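Peer 1: Sequential numbering from 176 applies to the sequence shown in the working numbering.
Derived from the structure by calculation, the hints contain no laboratory data.
All values derive from a computational prediction rather than experimental measurement.
Idealized CB from N, CA, C, for every residue including glycine.
Just the calculated beta-carbon pair ranges, DEER-fashion: (1) Gly-186 with Met-262: 25 to 31 Å; (2) Val-254 with Pro-194: 16 to 22 Å; (3) Gly-185 with Glu-224: 28 to 34 Å; (4) Ala-226 with Thr-260: 16 to 22 Å.
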Amino acid sequence: MSAALPLMVGGYHIVRVSPHQRQMAAERIVGASAEGHGSVAAAARRFLESAESLNIDVSLMWGTIDPSGRFFHHVCLAVVGAGRTAMLFFSGPDLEAPAIFSADGLDRSEPTPRVDPGFALRTVNSGDADGS
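Make the full structure from the sequences, and use the hints.
Peer 2: What follows is the structure in structure tokens.
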């Protein structure tokens, strides 16, 4: 993770997912769909292993990560389509989050501020949000 993390939402840093964070981020993306079908970690590994053959560029993942870097709160994956289109996939709710939030003492009584989903796509070429 970069030393300079300028963007924050609800106490989380907005970062482009680095290669060493991809397994953790992929677990958030496949999490809800993998439940009941084996290990979430194994499903994430299968997704990462097959992504290239499916023309999915896993470098186009961004997430909100806690300041310690221990977990992603949300992850967004942009899958570029034909022309100037992209499909954005967002992680589902983190079922373990309430325990983590209360352990960290974070106040979640207020809704998380809204974030522009196009933020990730605009940062691809700009180098913002650790998108170098």
